[in-house]
Structure formats: structure tokens, C-alpha cells
Amino acid sequence: MTLRPLHRRHRRGTDRRPRLALAVTAVFFVLLYLPIGVVVLFSFNAQKSLTVFKGLSLRWYTAFFHDNVLIESLGMSLRISLVAMAGSVLLGVALALGLVRCRTRLGSLAGLIMLVPLITPEIVTGVAAMLLFKGMGITLSSGTVMLAEITFSISYVTVILRSRIAALNPEVEEAAMDLGATRWQALRLVTLPALLPSILASAVLVFALVFDDFVLAYFTTGVDPQPLSVRIYSAIRFGVQPTINAVGTLMLAGSIGLIALALAIPRLFGRRGGLDLLSGK
Amino acid sequence: MALRTPSGPPGPPRRRSASGTRLWTWLMLPGTLWMTGFLIASLILVATLALGTTDPLGNPRFGLNFDNITALADPAYRIVLLRSLVFALIACAVCLVVAYPVAYAIALHGGRFKHLLIAAIVVPFFANYLVRMYGWSVVLSDDGPVLKVLRAVGLADGHTRILQSGVGVIAGLVYGFIVFMIIPLYAALERMDLSLIEAGRDLYGGPLRTFFFVTLPATRQGAAAGAVLVFLPAMGDFVSAQLMGGPDQIMIGNLIQDKFFQGQNWPLGSALTMLMMAVLFVGMLGYLRRTRKDEAEAAR
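These protein sequences, in sequence, are chains B and S.
Note that full-length UniProt numbering has the first sequence beginning at 1, numbered continuously upward.
Note that full-length UniProt numbering has the second sequence beginning at 1, numbered continuously upward.
Worth double-checking, as some hints may not be accurate.
[As the list claims (entries may be wrong)] Stretch by stretch, here's where chain S covers chain B in the computed footprint (C-beta under 8 Å, at least three residues): (1) 68-82; (2) 141-150; (3) 188-200; (4) 224-234; (5) 252-260.
[Claimed, not checked] Taking lysine to aspartate or glutamate and the EDC-like style, the derived pairs with C-alpha atoms no more than 20 Å apart in a straight line are: (6) B/K48 with S/D143; (7) B/K48 with B/D67; (8) B/K54 with S/D143; (9) B/K134 with B/D224; (10) B/K134 with S/D258; (11) B/K48 with S/D142.
Derived by calculation from the structure, the hints in this document are not laboratory data.
Everything numeric in this text was worked out from a predicted model, so none of it was measured.
Glycine included, C-beta positions come from ideal geometry on N, C-alpha and C.
Using the sequences plus the hints, can you model the full thing?
Right under this line is the structure:
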């Protein structure tokens, strides 16, 4: 242990680079992006091989766009995501408003129920939803996937919105009411516009999460055009066709774009800290 | 993530009125009823069906017998449950060991690229889980880049395999869920009072001692939250064992999937689901007791 001169502590808190931590971080980033890179690279492979790259070609993309089954699945996934987005945003925003403002026993019970999907593995919610639909005599279809996805997504919307609502200054709403607005008008004209960025961000996030979701869809889907991720699951289980690389690349691009959009929305509205969205704080 | 803020921060005192409370209750009602009707009811259904039987055609019948529960004591199931626990716990440990330096490097040395770097980690994790896992299985395959590098540096020979082994399944779980460890650790490290580290240095603690006696204890809660967030999905996962493992690596999620799809024994599948929930419940209780103890200590 040596005595370090005081003036060397110029940097915040730490004064030397942790070489081991930086090395681990570098390897981590390589391994994080390698699998994604492999899928993207081989989607442009001219050959069928999944290990040897033989020249650029778009043949797997052409194959995808000519595969009616996959295109139907894509359409179904988009429809499911849209419906789940609309339903869960509507229910979730209202729930979040109620949870923050309503300090009754019912409020705390609702707060607990809302947390259940977040602490239950998806396979459990999937099994449970499937049993419920079958028990009620409902044939599994894209409709049941939508219902299950809405249920699961409400929690995300509520968690994101709740922290935002709690951060709002309640006096603004009260000022509106002092100026003659009813409580409903204050909510509609003052609070909701202030929440718009978070509402949009959570909507985009839910769309992406539902579009990519596999477990819940797998347990609740019927035989009418299955969601795309369920198709991908069957494809990668029983021998990969290179077409899946093309589908995977398109899905990666789509969801990465959407998540980046969700992160950017609060900034577009001139607010800092887009990442708050993901940490739920 | 959401685990640590069960009821949101307490706001300033507000004017209360009966009309306000009524409006807020009405707003809360549709979502709560929806979740109760679909989620809570369906979970109760699973618990009930765990006590049911199947008729000769394999259709589920409700009932009140404990055959499924006693069937769970079968050594075959016990091995799978134990394996799932071990895999999930090892995955948690690996996530912690890898995520800590990453979160540390970014939070304390990321400078103005901090947000960009964390976004670069988070964004791909929200990309399709199956596509990522499939890409990972290609990377870890027998002639994939990871084994090629390991062979080149002499850490593996021609017979070493990662796929079809427990290592492969754990690697899958780690790749699948490590982001849930990085986010809380990063948040904890960013929140940490950096003058604590300076104080440690001023008291002549070397970098290692300062890390183990100052930094690590200050971020223990973040690590605990991350461990829970990784453990939950890792215990329920069945894709990793299917893609990376062989028949000797199946986890409890695979058993559940099998009972509901191929095996057509829903009551037994429900019993297995409840068993998994019970294990997770014990884990959650441990976590909650731990954090409560920490909070009590912090308050003192």
C-alpha cells in the first residue's frame, strides 16, 4: 500500500481504469452481438449452409416473401400486437392513474394483483391462460392470444406510467380545478397531455414485446394462422431452413427499431432519461 | 425492476374528496377486474386442476385426490427439479460474475457514453428471444466461433462440445436473461455515493479491498434484485434446454410443456406447475426477508 498524492484524485471517485472489468465488458459485447451478427450474416448467404458463407444474395428474403404461410403469420402477429397494444394501454393507463391517486384498501389490492405477471414465469401464465380458455369451452385462436397478451401487457404499461404519474406535480391539476375545471376535465386537459410521451413510449414497447412474445402465444394459439414467433419456434426445433435467418433478421431490425423509438420518445418531447422506461423507475 | 417499488414513492399530502376517490376507483376498476378475471382466476384453476385426474381418453377431470402430488415424489421428477434449480442458480451466479464488471465499467468509467452503452445492451435483449437463442446456439455449435477460439488457445480439443451439455443449457440461460442482472446493478452503481470509494482510498484501502469492503456491500441490493429477476425466468425456461441441451438436460419447464402438449396429462402438468411456483415462492420469500433485513439495518 502506497500513499497516493492527493492531487491525483481528479476523476470522480475512481482514479484508475479497472482493466479486468474493461476486458470482461469487451468480451461481453462481442458475445452479445455475435449471435445476432451470425443470423444477419447468414440471411444474406448465397448457399444453404449455416456455417460457411458463400457470397451475398437475397434469395432467402425472396423465399420468405413468397412463403404464404409465413406472410399470413406475419400479418397475424401484427394484428395481435396492435390489438394487445390498444387494449393494454387503455386499461393500463387508467389503472395507473387510479393506483397512484387512490389510497384505499382496494387500491393496494389492485397494486398487488398488477404485480403478479411480473413475478410469475411466462410458462405459468401460459399454462394458466390455456386452461382457462379450454375450461370455458373457448376454442384457441388468435383471439385467445390477444386476450392473454392484453392481460400480460397491462402490467408493463401500469409500471411505466405509475412512476411518471407519481412524478407529476399534483398542484397543477389542483390549480386547474381552482380555475373551474371539473376533475375529469383536469385529468383530460392537464394530466393526460403531460403523460403523452410515456403513454406513447409504453405503447411502442408493448407492441414490440407482444410481437416478439413466444411463450404466451405458444400456449394460447390455435391453428388459424399462428403468430410468427410460434412458427419460428417450430422451424428452429425441427431443422433450420435458411429462410428463418431472413425472418429473424427482419424481426430483429423491427424490434430494435421499435425499442430504440420507445427509448427516444421521451427525449423527442424534450425530457431526459429515456432509460427510466426500462428500469421502471 | 418493479420488484423494489411495490407502492410507488409517497407523494405530498393531497386534498382528498369523495368525488376524487370515486373517479380514481372507477378508473382502476376495469384493469383490475380484467386481471382478476383472466389471471388470478386462471392461476386458481391451475391449482385446482393439480388435484384432478384424467379419464381414460386423457381428458382432464376435476376432483380431489393427491395422486399427482404424490407422483411428484417420483425420483425421475426429483432429478429434473433438482437439475432445474442447479442450472438456474449457476446461471444466476454466472450472470452476477459477468454483469458486475460490465455494469461497473459502464457506470463508473462510461463517461458520456454511459447511456449509449447501456442502451446498446438493453436494446438487443428486447429483440426476439427465439432468434437470439438460435443465433447463440449457432455460435456455440461444434464448428462455431467460440469453440474455434477455445481450440486455438488450447482450452478445448476436437471432442469438446458445448451444445448437448449442461454447460450449453446454462450458457443459454445466461445469454437469455443476463440483462435483468445488468440493469439493477447498473442502477445501484450509478446511485452509489462515489465519495464512499474515495473515503476507502483515503483510508489507504487498495483497489481490491475498497471494492470488497465498500463498493460490493453498497450494491448488494442491486445484486439481490438481479438474482431474483434472472432466477424467475431461468426456472421457467424450456427453450434453452431444447436448443442447447440433450435428453439428459431437460428442465422442469420442458416437463410441463410435455404434459400439456405431447403427454396430454393436464392435471399432472398443473401439479408440476404448482411445484415450480412453490420453489419460486420460497426463493422470493428469501429475497424479501433479505431486503427487509437490509432496510432495517440501513434505518438503524
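Hint-by-hint comparison with the structure:
1. Only when three residues or more bring their CB closer than 8 Å to a CB of chain S does the claim for the region 68-82 of chain B stand; here the count is 0, and the claim is violated.
2. With a cut-off of 8 Å between beta carbons, the region 141-150 of chain B has 3 residues touching chain S; three or more are needed, and the interface restraint holds.
3. Figure legend: the region 188-200 of chain B, annotated as covered by chain S; annotation inconsistent (0 residues with Cβ-Cβ distances under 8 Å, at least 3 required).
4. Taking a C-beta to C-beta cut-off of 8 Å, the region 224-234 of chain B contributes 3 residues in contact with chain S, enough for the three needed, and the coverage statement holds.
5. With a cut-off of 8 Å between beta carbons, the region 252-260 of chain B has 5 residues touching chain S; three or more are needed, and the interface restraint holds.
6. For the hint linking B/K48 to S/D143, the alpha-carbon distance of about 16 Å falls within 20 Å, and the restraint holds.
7. In summary, the hint linking B/K48 to B/D67 is supported, as the alpha carbons are separated by about 17 Å, within the 20 Å threshold.
8. Under the criterion of a C-alpha separation no larger than 20 Å, the hint pairing B/K54 with S/D143 is consistent with the structure, at around 16 Å.
9. Note on B/K134 and B/D224: the hinted pairing holds, with a Cα-Cα distance of about 16 Å set against a maximum of 20 Å.
10. A threshold of 20 Å between alpha carbons decides the hint, and for B/K134 with S/D258 the separation of about 17 Å falls inside it, so the pair holds.
11. Between B/K48 and S/D142 the alpha-carbon distance is near 18 Å, which keeps this suggested pair within the 20 Å criterion.
When the structure is compared with the earlier hints, violations turn up for hints 1 and 3 and for no others.
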